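S.K.: Each chain, letter by letter, is given below.
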Amino acid sequence: MAKMNMLQAVNSALISAMTKNEKVMVFGEDVGHFGGVFRATSNLQEKFGKNRCFNTPLTEQGIIGFANGLAAQGSVPVAEIQFADYIFPAFDQIVNETAKWRYRSGGQFSCGSLTIRTPYGGGIAGGLYHSQSPEAFFAHIPGMKVVIPRNPYQAKGLLLSAIQDDNPVLFMEPKRLYRASVGEVPEDDYIIPLGKAEVLKQGSDISLLAWGAQMEVLEKAAQMAEEQGISCEIIDLRSILPWDRDTVATSVQKTGRLLISHEAPLTGGFASEIAASIQEKCFLHLESPITRVCGLDTPYPLAHEKEYMPDHLKIFEAIKRCVHF
Amino acid sequence: MAKMNMLQAVNSALISAMTKNEKVMVFGEDVGHFGGVFRATSNLQEKFGKNRCFNTPLTEQGIIGFANGLAAQGSVPVAEIQFADYIFPAFDQIVNETAKWRYRSGGQFSCGSLTIRTPYGGGIAGGLYHSQSPEAFFAHIPGMKVVIPRNPYQAKGLLLSAIQDDNPVLFMEPKRLYRASVGEVPEDDYIIPLGKAEVLKQGSDISLLAWGAQMEVLEKAAQMAEEQGISCEIIDLRSILPWDRDTVATSVQKTGRLLISHEAPLTGGFASEIAASIQEKCFLHLESPITRVCGLDTPYPLAHEKEYMPDHLKIFEAIKRCVHF
Amino acid sequence: MKDRNHLSNIGLSHQVNVISNGLLDIPMLQLLQADGVPHAQATLPDMTQQKAEKILGTMQFIRILDERMVAAQRQGRISFYLACTGEEASTVGSAAALEPQDMIMSQYREQGALAYRGFTTEQFMDQMFSNEKEPNKGRQMPIHYGVKELNFMTISSPLGTQIPQASGYAYGQKMAGLDAVTICYFGEGAASEGDFHAGLNMAAVLKCPVIFLCRNNGYAISTPSEEQFAGDGIASRGIGYGVKTIRVDGNDVMAVYAATQKAREIALAEQCPVLIEAMTYRLAAHSTSDDPSGYRSKDEEERWRAKDPVQRFAAWMQSKGWFDEEQNKLFLEQSRQEVLSELKRVEKVPICKIDEIITDVYDVPPWHLKEQLAELKAHIAKYPDAYPKTSGRL
Amino acid sequence: MKDRNHLSNIGLSHQVNVISNGLLDIPMLQLLQADGVPHAQATLPDMTQQKAEKILGTMQFIRILDERMVAAQRQGRISFYLACTGEEASTVGSAAALEPQDMIMSQYREQGALAYRGFTTEQFMDQMFSNEKEPNKGRQMPIHYGVKELNFMTISSPLGTQIPQASGYAYGQKMAGLDAVTICYFGEGAASEGDFHAGLNMAAVLKCPVIFLCRNNGYAISTPSEEQFAGDGIASRGIGYGVKTIRVDGNDVMAVYAATQKAREIALAEQCPVLIEAMTYRLAAHSTSDDPSGYRSKDEEERWRAKDPVQRFAAWMQSKGWFDEEQNKLFLEQSRQEVLSELKRVEKVPICKIDEIITDVYDVPPWHLKEQLAELKAHIAKYPDAYPKTSGRL
Ligand SMILES: Cc1ncc(C[n+]2csc(CCOP(=O)(O)OP(=O)(O)O)c2C)c(N)n1
Ligand SMILES: Cc1ncc(C[n+]2csc(CCOP(=O)(O)OP(=O)(O)O)c2C)c(N)n1
Ligand SMILES: [Mg+2]
Ligand SMILES: [Mg+2]
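Protein chains in written order, with the UniProt record's numbering: chain A, 1 to 325; chain B, 1 to 325; chain C, 1 to 394; chain D, 1 to 394.
Read the hints as simulated data drawn from the structure, not as lab findings. Any given hint could be a false lead.
[As the list claims (entries may be wrong)] For each label pair, taking beta carbons as the anchor points, the in silico distance ranges come out as:
{"hint": "1", "chain 1": "A", "residue 1": "Lys50", "chain 2": "B", "residue 2": "Asn43", "range": "55 to 65 Å"}
{"hint": "2", "chain 1": "C", "residue 1": "Asp3", "chain 2": "D", "residue 2": "Lys51", "range": "34 to 44 Å"}
{"hint": "3", "chain 1": "A", "residue 1": "His324", "chain 2": "B", "residue 2": "Pro186", "range": "46 to 56 Å"}
{"hint": "4", "chain 1": "C", "residue 1": "Glu347", "chain 2": "B", "residue 2": "Gln228", "range": "34 to 44 Å"}
{"hint": "5", "chain 1": "A", "residue 1": "Glu184", "chain 2": "C", "residue 2": "Lys148", "range": "27 to 37 Å"}
{"hint": "6", "chain 1": "C", "residue 1": "Asp179", "chain 2": "A", "residue 2": "Lys47", "range": "21 to 31 Å"}
As the structure is a prediction and not an experimental result, all values here were calculated from the model. Built from N, CA and C at the ideal position, the CB exists for glycine as well.
Bound-form chain A, shown alone (with noise of 0.2 Å):
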């Protein structure tokens, strides 16, 4: 075990897959000498040599079409979109390519192999283009898988298992942890399953999940709902597709209550889909509506991120109404 923030757990990862299977590949802007805009590359190059490692031009579109390609050849791409904010030029890559190449082939080709990861999320006072969080719109790509963790040991797990994960996965990385997450993390390799949310926390009141940097804010509002004695159990949602509708129903036919939140903005948010599946499914269970906190409906603001953000306060508050329904 070894101290690691994310940003070096990530490169563990990498490290190992890297190690482990020659045909793993890494690259995208600024990924090869430089060791990318945040360092979670770092070394590989020098390790691997430029053949692995390696810096593209600066076109997100190519980099996933030259990845899709690298997938379906056999190699095994882990290619890096910079930020978040920056993966729509590779949409159509993304929807018509990487997650329909194997069932429009029935199964004679695939772009299994391709993980892509990406930086995302607000809180960095980055405004616009450095905070947004697309998750929904890639949980409605059948064939995509999308993961994002929230610490340092999810991140390396989690980011080696999407690597040998023969599905395409968006592996998308919370930078407002980058640095600010530390914990302990394996140097050997180990793998958390994709697909399988984690309850952090028991609880009888109330169901609170979320994902990513996102599940501190959680804890933290749970602190102060347990103060006031709400009971919380908390999920980490972990995979947003496929996503483990099963442990949130277990968790919801138990409590009675849910409450979901996301930076992303509010409207057609991944927590729509869970609030509409978990309605369905627990529709005899539920004491009180299922609550989102999410973003507001408009792009991510700079001078108003602290008010935008769906912060500790926002879901004590929603908790709260929740229970007292």
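Use these hints to put chains B, C and D with the ligands onto chain A, whose structure you have.
M.R.: Coordinates of chains B, C and D with the ligands only, in the frame set by chain A:
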């Protein structure tokens, strides 16, 4: 009044708009001399000249990028994307540019005059790439409006509204109805307000909600249900973003039940947003879970198209399940 | 740390020089004249009689397939078709210069390359009818071929997407140390997509052994190339990317063969991309959904019909004594018969069982897809008549 | 129906010709030598003393602004900054050749053009502090300027997006019959985006009066241009699009001025695009988040520091007798003072009221945004200390 099919109604709206305002320009792949692959822009180049109705090179990101600049300049672009399946290369220009232009500039500049027209939807033996219904992706983009007409009359009135509206509008045309749907359409100008749903039929047992080509299917299912004594209220949402929550909530408060149907895959589809909002708004009125009858969570298959589609039989069965919950 | 100087190869001028079109003047390689007689100055590539026969046979077969399938579509037997009439040489000539281990990533009008690889009439029909024997399981529209054994990547409709993919595929081949290249076909229309730019630039920078073959056939559906670009075709772009480039007469199968041979040689030896622009003409309608009389003249078509690539090559073979009129007639007749009889036979093959609706979305269907399938099967069982193609085999 | 022939301008060859790099040899326009002395063969553009002073003053002001802002960021007074040190000539020289009615669509390193247009120190500070006086309402990060009165389009971070937008903007200007062009700035890195391809090709085909000015400064963050493209810079791409192209020494403000004048003349007269590639070097770090010592040598930087565009132009002015050492010192000192005092003053200006969080998403806030705002305000009222920047002015 004249009998028109939906293509003629769209064409008639474009002629009106171009006649009234010389700043209106229509462009896209093959829309010029040829009049578009579906002929929605027939005769526009002849009538208004090559400068106002023209072919573009084959680049969707270019078309929307160009349209954004043109809109910001003060012209009124009506850009066509040949199939909604091919809108994804333009996703970055739409998400990061079109939709955020006004906000990021504090209202100094905007793409408000832009309208994007595109045919969408299945049922034409189009397989993976001529069948998609991507409205949910766009419903998660603050700043966009998304509108879908169900028949020729609606198409003309809503399209004229969209062109006039000072916000960027994605206007999705159900191509299955292009020639199949025929109805009376005024030859003069008229507008149908954006953001307003329409209750097509009053009923007391269940509210049925859909949009575009799915309205027909809903009506057919409702008829079957009525024959079994189930009274259905039928609502056409028409505007997906912003959507008319009040009309839907009012209906559900009356009927106590809601079924939503769309062709797009279930997970993360726009029905999830509606279900999430309505379960919150109408919690104490709901007598059964809100039900979604949607496309499967797969790419759109050709050979199994019939099985894939949320047809009247599936909806009829779901209505019964809902009412007999 | 390496010292870099991005000006090192650039000279100075002291007057405002505007560089413009026409500077490059890229000629088009032509070996056989329209009548099949080689140009006096031309050196023909080595070609055995057997190879020549395979090339001609493939071009003729494809022409017949196109005719029959367009007719079948008119009769409502298939939903869609897309012919390559007039462009046979570009795809057959280039495929003939490749090795079987080379990957083909095509746009959609390259049935010639596929047939050259050995795709059978039956396989064509299976695809056209989206049946359960089709290796892609009938999920896409007709003409979206794909077959792993022949190293022919499954086609996808979105234009241009295969271009950066081909760069990536070729990079993978290089990393694996294979004696193989990738060929990537696309139209001059698709070359306007951003993916074209990304794909060529990445291939150049990352030194990928890929051949980009652009069929410049003058049209993208109704849009003539003069409304598609203002430069000198697609070849003139190669220079900008630092990609070696060859322009070739796409109706001269011999020239296409020679150019592609050369391109493959360079791509493999230098591990780098090569761009070929094949100048040709789409004699057919864009697809069975299209009617070109709305956007181009009969005269123009006639001018191109006179440049028929199949006749040109047949004439050359004749001059070599490799062409037997009678035997060829027989071959054509047999091919027609084969297409028709396979069509009839394959028409009856069922589509995949409904279970396949959820396979291949992921490697293994997750819970939500299993749930959706179970519901769907129960529903079909309840209304078997409404879903006749699958209800019989639940 | 018009008869078309897409082969009409193409000659024939009968040997396999591989066209490759180095064919074009595009020289770089330089008028002033590094020491400010004009090349003997150079014809300098007309330039009044007043204009020259404005150009020099703007370059010097921008250099000072950059220094102070980088320092302010280090002190934690602003969150982010991005300097253009070393590249002042490319943007100031080009802006000086334009008319005020021309639209500027920039990437982010073109504060020189903005200052030349008359953007004040106070306006710069307002933007840096995202305050309520900033016309963009403080919604974006520092350096994302935009001001309608100066025809300077609000900057957006996604790279390359402004390129096809500029084509569209210019098309609108043409349709409106304006005596105006659009200039579009971008880096050689951004030129790898698909939007570059789309924008240049569309401008060429649709004949848009737009000047594309690429600052080729050798780097895209850490990525050197040799890993960005393999061709001869960006200029060599112009030919492929049929776009008239000029390559210029980006550190020679006189050359940039002359080239842009010429480009504007062509764009207006011929209603067509022109591409300028300005060869320069980013002496600064990419931004305050970057440290270039990780990817390039000090020697390399020093070599470029010797080519300082500001000194070069000052030396030329001196040779004309247009430069007063003392007065210039005073100007520099005043500028420094002004930046510092404005910084201090503006630091205290509040951000927008919370109501502005939902305006400008649409022309008029729809129901859901009004609902969200009401909820938010109630929440802030409940926890005023947690939201100190807005709770005082609910
Ligand atoms: C991304 C995308 N946009 C639009 C289309 C619709 N479309 C299909 S073929 C075609 C024209 C292609 O022309 P070209 O690339 O020249 O190939 P050709 O048909 O001439 O062989 C168009 C616009 C598409 N399939 N994909
Ligand atoms: C679409 C997109 N991808 C990535 C980035 C992150 N990014 C910001 S600046 C930059 C480098 C740009 O280099 P260049 O265009 O050469 O301009 P320069 O900084 O040299 O002026 C990158 C990769 C971005 N802003 N937008
Ligand atoms: Mg073509
Ligand atoms: Mg640069």
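S.K.: Tell me the hint numbers this structure goes against, listed in increasing order.
M.R.: 5
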